[in-house]
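We have chain A already, so just place chain B on it with the hints.
These protein sequences, in sequence, are chains A and B. The opening residue of the first sequence carries number 1 in this note's numbering; numbering runs sequentially from there. The opening residue of the second sequence carries number 1001 in this note's numbering; numbering runs sequentially from there.
Take these hints with a grain of salt, some might be off.
[Claimed, not checked] Label pairs and their in silico Cβ distance ranges: (1) B:Pro-1206 with A:Ala-173: 31 to 39 Å; (2) B:Gly-1019 with A:Ala-161: 22 to 30 Å; (3) A:Glu-169 with B:Phe-1285: 17 to 25 Å; (4) A:Ile-50 with B:Phe-1144: 37 to 45 Å; (5) A:Ala-161 with B:Ala-1184: 29 to 37 Å.
[Stated by the list, open to error] Chain A is nowhere near these chain B residues, computed Cβ spacing over 12 Å in every case: (6) Leu-1030; (7) Glu-1064; (8) Thr-1066; (9) Ser-1112; (10) Ser-1204; (11) Arg-1293.
These are calculated hints, taken from the structure and not from any lab test. None of these values were measured; they are calculated from a predicted model. Note that the Cβ used here is the ideal one computed from N, Cα and C, for glycine as well.
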Amino acid sequence: MFLVYPSIDTFRRSLMNSNSTEFVGLESYARVFAKEETQLALLNSLLWMIVFTGVTTLLGLLIAVMIERVWYDVIVKTLVFLPMAISFTAAAVIWRFVYGFQPTGFPQWGAANAALTTLGFDSHPFLISKEVIPFYGINNVAVIVAAVWMTTGFAMMVFSAAIRSLPQELLEAARVDGAKEWQVFWHIIRPSIMPTIYVVATVLVISALKVFDLVFVMTGGLFETDVVANRMYKEMFEYREFGIATALSVILLFLSLPVIAINIRRFRRQERER
Amino acid sequence: MRLQPDTRIQRVIRAASRGPLHLALIAIALLWTFPSVGLLVSSFRPKLNVATSGWWTAFQLPFEFTLENYAFVLFRRGVGDSFVSSILITVPATFLTILVAAFAAFAFAWMSFRLRDFLFFFVIALLVVPLQMTLIPLLNLLGFFKLNATYLGIWLVHMGFGLPFAVFLLRNFFAALPREMLEASQVDGASSRVVFFKIVLPLSTPALASLAIFMFLWIWNDLLVALIFLGGSPELVPGILPPVSADRGPLTLTIASLVSSRGADWELLTAAAFVSMVLPLAVFFALQRYFVRGLLTGGLRG
Chain A
1 MFLVYPSIDT
11 FRRSLMNSNS
21 TEFVGLESYA
31 RVFAKEETQL
41 ALLNSLLWMI
51 VFTGVTTLLG
61 LLIAVMIERV
71 WYDVIVKTLV
81 FLPMAISFTA
91 AAVIWRFVYG
101 FQPTGFPQWG
111 AANAALTTLG
121 FDSHPFLISK
131 EVIPFYGINN
141 VAVIVAAVWM
151 TTGFAMMVFS
161 AAIRSLPQEL
171 LEAARVDGAK
181 EWQVFWHIIR
191 PSIMPTIYVV
201 ATVLVISALK
211 VFDLVFVMTG
221 GLFETDVVAN
231 RMYKEMFEYR
241 EFGIATALSV
251 ILLFLSLPVI
261 AINIRRFRRQ
271 ERER
Chain B
1001 MRLQPDTRIQ
1011 RVIRAASRGP
1021 LHLALIAIAL
1031 LWTFPSVGLL
1041 VSSFRPKLNV
1051 ATSGWWTAFQ
1061 LPFEFTLENY
1071 AFVLFRRGVG
1081 DSFVSSILIT
1091 VPATFLTILV
1101 AAFAAFAFAW
1111 MSFRLRDFLF
1121 FFVIALLVVP
1131 LQMTLIPLLN
1141 LLGFFKLNAT
1151 YLGIWLVHMG
1161 FGLPFAVFLL
1171 RNFFAALPRE
1181 MLEASQVDGA
1191 SSRVVFFKIV
1201 LPLSTPALAS
1211 LAIFMFLWIW
1221 NDLLVALIFL
1231 GGSPELVPGI
1241 LPPVSADRGP
1251 LTLTIASLVS
1261 SRGADWELLT
1271 AAAFVSMVLP
1281 LAVFFALQRY
1291 FVRGLLTGGL
1301 RG
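Same shape as in the complex, but just chain A (with noise of 0.2 Å):
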């Protein structure tokens, strides 16, 4: 009731015009890859997907790795999970007070900023500036960080369950042999969790394709820092696109379709295993 009548409907009206009134076919679609904004949104949110999902990744399985080996690991682990607690919304601001700018000379009150004038650099506005790294801005990477910054605590913990439940005779086994620890990791750490990198990392790539509430609060979308679902956003509620809305909505199904189908295998596989 609650998703399967909308999710038709939602279909139906991205064959519609605007204020679906009149059925005009693929048009909004078209329009989509046409638009500049959408276009930008569309590639900002493949950057999302490719460098939030491997940044995360590979920073929760280093992490967990690490702490396997110090005494200190649950401190660690409950310090880079806290932030899975609270909302996106109190981390936009936790991060635009990081990314808190003032001219070069001023005191910074902002971390960041505080940061990079102590050791001598001008500061920067990071979550304006468009200056480009490869291509894309790099207030787009400002935005991603913070997304990282939530969202590692879930990566390490999925990852260190996995890598405790490897028999540890093995991996001991390897090391009186005088493997390096690095041996360790790359020939049976990694193989025998390579599943568990598999989910955690389609998890990661559906939620970059959602992701809202970050962009939304900390630039709103501007200085080309917009995402599908913060334009979809505009374009339904400032604009009153709701071809273009519900157009972008059916894209983004697609874009996660291979993660239904996934799941569904894997789903079939344990009930057959049941």
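Just chain B now, kept in the frame of chain A:
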């Protein structure tokens, strides 16, 4: 290969070689704590200090801290009302979701009916339907029943979005319960209802607890649903009736609007943000074990 006992020198070398590891971990721990501590410290500093110096300078004499920021946002900027509103939204919605999900999960796990497996696949497929797919039609639907911008309306919406995950998690837990026990009690003449309330629910407390934490955090931390179904401008959507109640939105909504209206008043923003973090953090610390367990069995919602 035979293990050589460590000499003292070897042990020292090994400890030293682990130096970078400790350094990296401590750096990570600091990096992850630093932003939140900055927020917390700033929320207790006077306006002028926040705007002119970094929060890390607050720890030198003279110490200047104040509770004024909190008093101001709580009573003059509606953050106090929003706190109440967040609770009024989150608690019933969490309860409703779990109740309905538990019934459905029980049916999926232990009753046989036509199309059962098909329907359950369907629920799993729904796990990944992006919320955004459903917004406009749902808004119209709620408008049709005159439920827009009402508590009942937003409870139902949150329940709708939370159910697939909740049913999925609970069904898997219920299905793993020992079959003999359930069958034995049915042989003894217990009805499905008795089995559900007297056996299945008490046995499932851990699963119910982790689900409750998940739902609580999702709903408390949600901005999108609140923005669309409570705040924003509902009159923009064709076919929508005017809002029934003009209650204050939840904390996320209030903070988002504070950011756009008073984005430079950091002493207020930091205090408001911290108010919104208090309850989730308390829940998190109190019930971390259940939270992690739920995370590991269920994964994140879509």
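Tested hints:
Restraint check, Pro-1206 (chain B) to Ala-173 (chain A): a C-beta distance of roughly 34 Å satisfies the suggested window 31 to 39 Å. At roughly 28 Å, the beta carbons of Gly-1019 (chain B) and Ala-161 (chain A) sit within the given window of 22 to 30 Å. Checked against the given bound of 17 to 25 Å, the beta carbons of Glu-169 (chain A) and Phe-1285 (chain B), roughly 35 Å apart, lie outside it. Range check, Ile-50 (chain A) to Phe-1144 (chain B): about 41 Å between beta-carbon atoms, so the 37 to 45 Å window is met.
Between Ala-161 (chain A) and Ala-1184 (chain B) the beta carbons are some 34 Å apart, a value that agrees with the proposed interval 29 to 37 Å. Distance check on Leu-1030 (chain B): its Cβ comes as close as 9 Å (rounded) to a Cβ of chain A, failing to clear the 12 Å threshold; non-interface status is violated. Under the 12 Å C-beta cut-off, the non-interface status given to Glu-1064 (chain B) relative to chain A holds; the minimum distance is some 15 Å. For Thr-1066 (chain B), the non-interface assignment is confirmed: its Cβ lies about 17 Å from the closest Cβ of chain A, beyond the 12 Å cut-off.
No Cβ of chain A approaches the Cβ of Ser-1112 (chain B) within 12 Å, the least distance being about 15 Å, so the stated non-interface status holds. Distance to chain A confirms Ser-1204 (chain B) as a non-interface residue, since its nearest Cβ pair spans about 18 Å, more than 12 Å. Distance check for Arg-1293 (chain B) against chain A: the nearest CB is about 10 Å away, which does not clear 12 Å, and the non-interface claim fails.
Violated hints for the displayed structure, listed by number in ascending order: 3, 6 and 11.
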